[in-house]
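Full structure from sequences and hints, please.
Chain residues, written in single-letter form:
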Amino acid sequence: MIALQHIAKVYEVGGQPIYALRDLNEDIGSGEYVAIVGPSGSGKSTLLNVIGCLLRPSKGAYLFNGEDVSQFDDQALSHVRQHQIGFIFQSFHLVPRLTALGNVALPMVFAGIPSSERQIRAQEALDAVGLSDRADHRPNQLSVGQRQRVVIARAIIMQPLLLLADEPTGNLDTHSGQQIMELLESLNAKGLTMLVVTHDPKVARRANRVIVLADGQIVKRIKGEELTSGSAPFF
Amino acid sequence: MTVMDLIRFAGGAVWAHRLRSVLSLLGIAIGVGAVILLTAIGEGTRYFVLAQFTQFGTNILAINPGKTKTLGMPGVLGGTTHKLTLEDADALSRIPGVEAVVPMAMGMGRVEAEGRGRSVNVLGVTAAMPTVWRFAIGQGEFLPAGDLNRATSVAVLGPKMKRELFGDRNPLGAIIRIAGYRFRVIGVMEPKGQVLGYDLDDAVYVPVANAMRMFNLDELMEVDVAYQSATMVDRVVGAVRQILIDRHHGTEDFSITTQAAMLESLDEIMRIVTLAAVGIAGISLVVGALGIVTMMWISVGERMSEIGLLRAMGALPRQIFLIFIVESVMLSVLGGALGVCLGMLGAFALTLVLPGLPVFVDEQYLVLALLVAIGTGLLSGVGPARRAIRIDPVEALHAE
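Line order of the protein sequences matches chains R and D. What the first sequence shows, in this note's numbering, is residues 409 to 643, in sequence order. What the second sequence shows, in this note's numbering, is residues 457 to 856, in sequence order.
It is worth saying that the hints were derived from the structure and are not from the lab. Careful: at least some of the hints might be erroneous.
With the C-beta cut set under 7 Å, the calculated list includes, among others, these residues of chain D facing chain R [stated by the list, open to error]:
id : residue
1  : Ala472
2  : Glu762
3  : Leu765
4  : Met769
5  : Gly770
Keep in mind that this is a model prediction, so the values were computed, not measured. Glycine residues also receive a C-beta, built at the ideal position from the N, C-alpha and C atoms.
This is how it looks when you write it as structure tokens:
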């Protein structure tokens, strides 16, 4: 579903080119569960933003679902993000003045889905993440675990093909982190392709496949269960 | 995204910062309120002044000595070579279409009766004065008609004058002294009130020839000519000018002001005064707009991560732009509406505190004020909204 071919991302800093990604090649199939790990500055976030259609690569081709989205204009990329990709952020990015239901319904507002349908679908999504009775709560009235559940409900509301999670458990305690990962994995089990960027070996180990990045390149591809605590240098 | 969604989303943002929103829209509210209040006072005053002047009738023209092109003090600038005399006035009364001519001379004199006295305006006029100026006689009769040059020693009192000198007693037939000269009171005017602070009731009317002699005047201050209908104004003005030029040996050393022209220029002056006041109030509207720009600018800065999120979930720059524009317009329209309320409340309060002050709230200014508020909101929103759509979503998502 995702094919990255010779992807490079270059930034100019003080006239000097800085490579965030260099000649990166990778294929990710539909329904896969992949963790991306690597030390800070290895290009994890840049890679996630490229895959999430928030950044256009400087070089190379990015085939998403068979289309070369690296050639898309901003509006077409917005459309891909809106309909095909769900984002989960470490710091939630919930709109504080909206209720849980309002936050979950937000992507549908911009997609032009009628209000009555939004209500029903948002409530269903909240039911699916186990927050049926929290629909009227604002983010600051929810625990961090509950907040991340709202974020997940929002990410899946447009029924995307791909779920991108950037440190989904980074702000959570161990217990609720565990629950969130289980929730995400249940979504993956239903066929949703999932990419998780993480610093946490315990999270990465759960994935089917782990991609290790360093200096903007993939330095290692291993199975999740092969990841041991001895692989700490990757993080 | 429907209009309803936009309003709901932007409204939520405005409501989330209620206090801040109210403070930022207060500037617009005060600006709009000031415009409405000042136009109300301005328009009210304009109608009031016009009403004051039209009460003398509109088919009048005034001739003053000296040549002036604008309203002002006739005769002060430029010397008069030929005097405006009673004979001139007499000649004018023979123009076809002219109903009456009132030559006028005026002076300030001490009026005494039965040991009481006060200094008032003494107006030398003729019998036609009540008709031309639309004054009514309350008691007795006005000055006798007849030869303009005849100085009969009779006087008519303004109602205030009568009250001051005679109280409730009947003044008819009483002898008063004006600047030392003896006059017999033959009538009392109906109250007429004040015109622009000048009390018409506190005056004494005597035959113009008496006034000229008493105050040692060798020319008239003004000659008022009443004509039959507005349609003949040009013809009458032409005839007056021709006759007076002939009588003054070919020089036009007088000025003719028709009441219509005078009303027009008064109207014009009042309009300019109102506009100037509105202009000053408009400055506070600009300050109010700046308040909204500032508030919106801060709001965009604070909502970086929200903007990043919206972009990530596929919101188009156009939609983000609209959100902030709608927010800005919402603030300014709320401000405008509050301003309209404040302005009308202020106008109402003024009529309670100062019942004499003419206040007139014109609906067209209310509509205009709201339109200006909407325009202000649109303009104030453009800068911040453009800033919002230029934000890079990747950076915005990492901004905390």
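Evaluated hints:
1. Ala472: holds, 4 Å
2. Glu762: Interface hint status for Glu762 of chain D: holds (6 Å vs cutoff 7 Å).
3. Leu765: Leu765 of chain D check passes; min Cβ-Cβ to chain R is 4 Å, inside 7 Å.
4. Met769: holds, 4 Å
5. Gly770: Gly770 of chain D check passes; min Cβ-Cβ to chain R is 2 Å, inside 7 Å.
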